[in-house]
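S.K.: The primary structure of each chain is shown beneath.
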Amino acid sequence: MKICCLVKEVPDAAVQKRIDPGTKRLDRSGEKNLNPFDTHGIEAAMQIREGGNAEVEEIIAVTMGPETAVRALHKAVALGADRSVHLTDGALEGSDVAATGYALAKVLESESPDLVLLGQQSDDGECYTIGAVVADHLKMPSLTQVIEIKLEDGRIVCERQAEYGYDTVEIDLPAVISVGDAINEPRYPSLKAIMGAKKKPLDTKATGDVGIEGDRVGTAGSRTQVLEMNPPPAKESGEVFEDEDTAETVEKIVAWLDERKLI
Amino acid sequence: MGGILVYALHDGEGKFNNNSLGAISEAAKLAGELGGEAGVVVVGDVSDEAAASLGNYGAAKVHRAKSVEEGLAQPIIDVMAKVIADDGYSYALFGGGLLGFEIGAGLTARLNAGVTMEVTAVKVADGKLIAERPVLQDSAIVDVGYVGEPGIIIGRLNAFDHKETGGSAEVIDVEVELSEWSTKARMRQRGEQRGADVNIEDADILIGGGRGLGEKDNFKLAEDLADALGGAVAATRAVVDAGWYPYAAQIGQTGKTVAPKLYLAAGISGAIQHKVGMQNSESILAVNKDPNAPIFEFCDLGVVGDLHKILPKLTEAIKAKKGG
Numbered sequence: 001m002k003i004c005c006l007v008k009e010v011p012d013a014a015v016q017k018r019i020d021p022g023t024k025r026l027d028r029s030g031e032k033n034l035n036p037f038d039t040h041g042i043e044a045a046m047q048i049r050e051g052g053n054a055e056v057e058e059i060i061a062v063t064m065g066p067e068t069a070v071r072a073l074h075k076a077v078a079l080g081a082d083r084s085v086h087l088t089d090g091a092l093e094g095s096d097v098a099a100t101g102y103a104l105a106k107v108l109e110s111e112s113p114d115l116v117l118l119g120q121q122s123d124d125g126e127c128y129t130i131g132a133v134v135a136d137h138l139k140m141p142s143l144t145q146v147i148e149i150k151l152e153d154g155r156i157v158c159e160r161q162a163e164y165g166y167d168t169v170e171i172d173l174p175a176v177i178s179v180g181d182a183i184n185e186p187r188y189p190s191l192k193a194i195m196g197a198k199k200k201p202l203d204t205k206a207t208g209d210v211g212i213e214g215d216r217v218g219t220a221g222s223r224t225q226v227l228e229m230n231p232p233p234a235k236e237s238g239e240v241f242e243d244e245d246t247a248e249t250v251e252k253i254v255a256w257l258d259e260r261k262l263i
Numbered sequence: 264m265g266g267i268l269v270y271a272l273h274d275g276e277g278k279f280n281n282n283s284l285g286a287i288s289e290a291a292k293l294a295g296e297l298g299g300e301a302g303v304v305v306v307g308d309v310s311d312e313a314a315a316s317l318g319n320y321g322a323a324k325v326h327r328a329k330s331v332e333e334g335l336a337q338p339i340i341d342v343m344a345k346v347i348a349d350d351g352y353s354y355a356l357f358g359g360g361l362l363g364f365e366i367g368a369g370l371t372a373r374l375n376a377g378v379t380m381e382v383t384a385v386k387v388a389d390g391k392l393i394a395e396r397p398v399l400q401d402s403a404i405v406d407v408g409y410v411g412e413p414g415i416i417i418g419r420l421n422a423f424d425h426k427e428t429g430g431s432a433e434v435i436d437v438e439v440e441l442s443e444w445s446t447k448a449r450m451r452q453r454g455e456q457r458g459a460d461v462n463i464e465d466a467d468i469l470i471g472g473g474r475g476l477g478e479k480d481n482f483k484l485a486e487d488l489a490d491a492l493g494g495a496v497a498a499t500r501a502v503v504d505a506g507w508y509p510y511a512a513q514i515g516q517t518g519k520t521v522a523p524k525l526y527l528a529a530g531i532s533g534a535i536q537h538k539v540g541m542q543n544s545e546s547i548l549a550v551n552k553d554p555n556a557p558i559f560e561f562c563d564l565g566v567v568g569d570l571h572k573i574l575p576k577l578t579e580a581i582k583a584k585k586g587g
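Note that the protein sequences, when read in sequence, are chains A and B. Its first residue numbered 1, the first sequence is counted upward by one per residue in the numbering used here. Its first residue numbered 264, the second sequence is counted upward by one per residue in the numbering used here.
Simulated from the structure, these hints should not be mistaken for laboratory data. Do not rely on the hints blindly, as some may be mistaken.
Pairs of lysine-lysine residues, derived as BS3-like cross-links and limited to a Cα-Cα distance of at most 27 angstroms, are as follows [as the list claims (entries may be wrong)]:
| no. | chain 1 | residue 1 | chain 2 | residue 2 |
| --- | --- | --- | --- | --- |
| 1 | A | Lys252 | B | Lys585 |
| 2 | A | Lys252 | B | Lys386 |
| 3 | B | Lys483 | A | Lys252 |
| 4 | A | Lys235 | B | Lys582 |
| 5 | B | Lys447 | A | Lys252 |
| 6 | A | Lys261 | B | Lys345 |
| 7 | A | Lys261 | B | Lys584 |
| 8 | B | Lys576 | A | Lys252 |
| 9 | B | Lys524 | A | Lys139 |
| 10 | A | Lys150 | B | Lys447 |
| 11 | B | Lys447 | A | Lys139 |
| 12 | B | Lys585 | A | Lys32 |
| 13 | B | Lys479 | A | Lys150 |
| 14 | A | Lys252 | B | Lys582 |
| 15 | B | Lys479 | B | Lys582 |
| 16 | B | Lys519 | A | Lys252 |
| 17 | B | Lys391 | A | Lys24 |
| 18 | A | Lys24 | B | Lys386 |
| 19 | B | Lys584 | A | Lys252 |
| 20 | A | Lys2 | B | Lys447 |
| 21 | A | Lys235 | B | Lys524 |
These stretches of chain B come out as covered by chain A in the derived footprint (C-beta under 8 angstroms, 3 or more residues) [unchecked claim]:
| no. | region |
| --- | --- |
| 22 | 285-294 |
| 23 | 301-308 |
| 24 | 327-339 |
| 25 | 423-436 |
| 26 | 453-461 |
| 27 | 480-489 |
| 28 | 570-576 |
Covered by chain B, according to a simulated footprint, are these stretches of chain A (three or more residues, beta-carbon under 8 angstroms) [stated by the list, open to error]:
| no. | region |
| --- | --- |
| 29 | 232-238 |
| 30 | 242-252 |
Beta carbons: idealized from backbone N, C-alpha and C, even for Gly.
Could you build the full structure based on these sequences and the hints that come with them?
M.R.: Dropping the structure here:
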């Protein structure tokens, strides 16, 4: 069994994120990190490998992004992936969700995985859609926000929460599964794994290497256009204070509740 | 031209999801401005009467695929792609919710269409739709336009209100041949309830518990405080998925939407998926040890501190005040 884990480099959570007023795109400069949601996908792959119900020959981390995205791949490898694939090409810059999903599907197609795993969302874009876009391009079944994956006779049985409660769904492989963060607690990489990550094989691919049609990606190939960016309607912000003396804090809360006749 | 197609999710027993009804009303309004009609796709066992009743929210036509099971996205993508191809809808609109996200995303790939998600408002300009979407933890709003047709709009939970306008929709049965990969996922069980059946929607005061509580047993802190205030306890998806609290108490994207007089968020970071389910509460009080938690951006009173210290003392103080 071959598992591909889609990963993404995102601005570190501690970094103030902003939109570049010129390009109207997310300013992705500054400290970067592996999307924390994707670490759950890698951990899920590792648990399938260690679970013993299937022989996992390879776990491959796959990303699309600028040169710096290599760091996210190193991190993914430190967490357990055997090797990685980096799709990088100036032609991809400015790709929207539709174009990104198409490009990722093409690079995945070149690996013919039995299972594609990814996190339920990216920490920066706040979109939960890439898995389903990729799946339809690959003509594979798909499920998102999965919190349990069990292997059963060459199939997977997944659980996830949807609108009316918990669903249990059996899915034939190959498949694309986005996992929720409740699925597992990702392990910490060992120092040895971190040190060794840069030595693991890393393939760098350009659009032409995986048959991506140039007119379907990048700003020109995107099907949406950001026209304008505005601040949200002003909202009076509440008072936030630090608890220094808990007796005083409680007194303050009680007075606040009392004022609103909530006690 | 100018038609907008909506997917209406139902519970399998003839009751449609409120967010879907909101999407129908929004589509009817927008289609009116574009000079088109709002159509709806429903799948599964939906009676003539239930399907036609969507006209009451503004649907002109209801395309019903009886043989397609409700609850999994890909067969519904097949239905919507066929209806869009046959009837020439210009846009597809989804209310907030998990299934709408999955179907909208898959449709994007199928039709090579633009998609915008987490949309909070849609406007018409020069005969086209423009979607407004908050980004970066709601610190900016971008206007997104579409290149070509169709355009796909996935709403944020509760973004669109439903309005009853009266009227009945024309019901059209559609036969769809499913894509091969759409038959490779099969529902074994749908909508399993986990944990006790608790009622949080009628409470005036809710204590919401999140991962910051630390462990399952610490929900006792929230329950004691709720008892003292005469309220109920709600939870985030993270702790429900972890098995700390019943699904029926969950607020947010795949849970309930509430608007109590007081929402006290204990150890809740305030991620968008939770925020959309409780942001209309009259007063929001947050206790969280992380000063950067998004909840502090939209609460009325915020305390940066250890809830394990604050909550028990607060419970005591309220009891004392009520007793005195």
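S.K.: Within the region 301-308 of chain B, is the number of residues with a Cβ closer than 8 angstroms to a Cβ of chain A three or more?
M.R.: violated (count 0)
S.K.: Given the proposed pairing of lysine 391 of chain B with lysine 24 of chain A, does the C-alpha separation stay at or below 27 angstroms?
M.R.: holds (20 angstroms)
S.K.: Would you mind confirming whether the straight-line C-alpha gap from lysine 261 of chain A to lysine 345 of chain B stays at or under 27 angstroms?
M.R.: violated (56 angstroms)
S.K.: When I compare C-beta atoms, does the region 327-339 of chain B have three or more residues closer than 8 angstroms to chain A?
M.R.: holds (count 4)
S.K.: With a cut-off of 27 angstroms on the C-alpha distance, tell me whether lysine 447 of chain B and lysine 252 of chain A pass.
M.R.: Roughly 57 angstroms between the alpha carbons, so the hint for lysine 447 of chain B and lysine 252 of chain A is violated.
S.K.: Please verify the coverage claim for the region 480-489 of chain B: does it have three or more residues whose C-beta sits within 8 angstroms of some C-beta in chain A?
M.R.: violated (count 0)
S.K.: Please check whether the region 453-461 of chain B has three or more residues whose CB lies within less than 8 angstroms of a CB on chain A.
M.R.: holds (count 5)
S.K.: Tell me if the straight-line CA distance from lysine 150 of chain A to lysine 447 of chain B falls inside 27 angstroms.
M.R.: Given pair lysine 150 of chain A, lysine 447 of chain B holds - Cα atoms ~16 angstroms apart, limit 27 angstroms.
S.K.: Is it true that the CA of lysine 576 of chain B sits at most 27 angstroms from the CA of lysine 252 of chain A?
M.R.: holds (12 angstroms)
S.K.: Given the proposed pairing of lysine 261 of chain A with lysine 584 of chain B, does the C-alpha separation stay at or below 27 angstroms?
M.R.: holds (12 angstroms)
S.K.: With a cut-off of 27 angstroms on the C-alpha distance, tell me whether lysine 235 of chain A and lysine 524 of chain B pass.
M.R.: holds (19 angstroms)
S.K.: Taking beta carbons only, do three or more residues of the region 242-252 of chain A come closer than 8 angstroms to chain B?
M.R.: n = 7 at 8 angstroms, threshold three: holds.
When the structure is compared with the earlier hints, violations turn up for hints 2, 4, 5, 6, 9, 12, 16, 22, 23, 25 and 27 and for no others.
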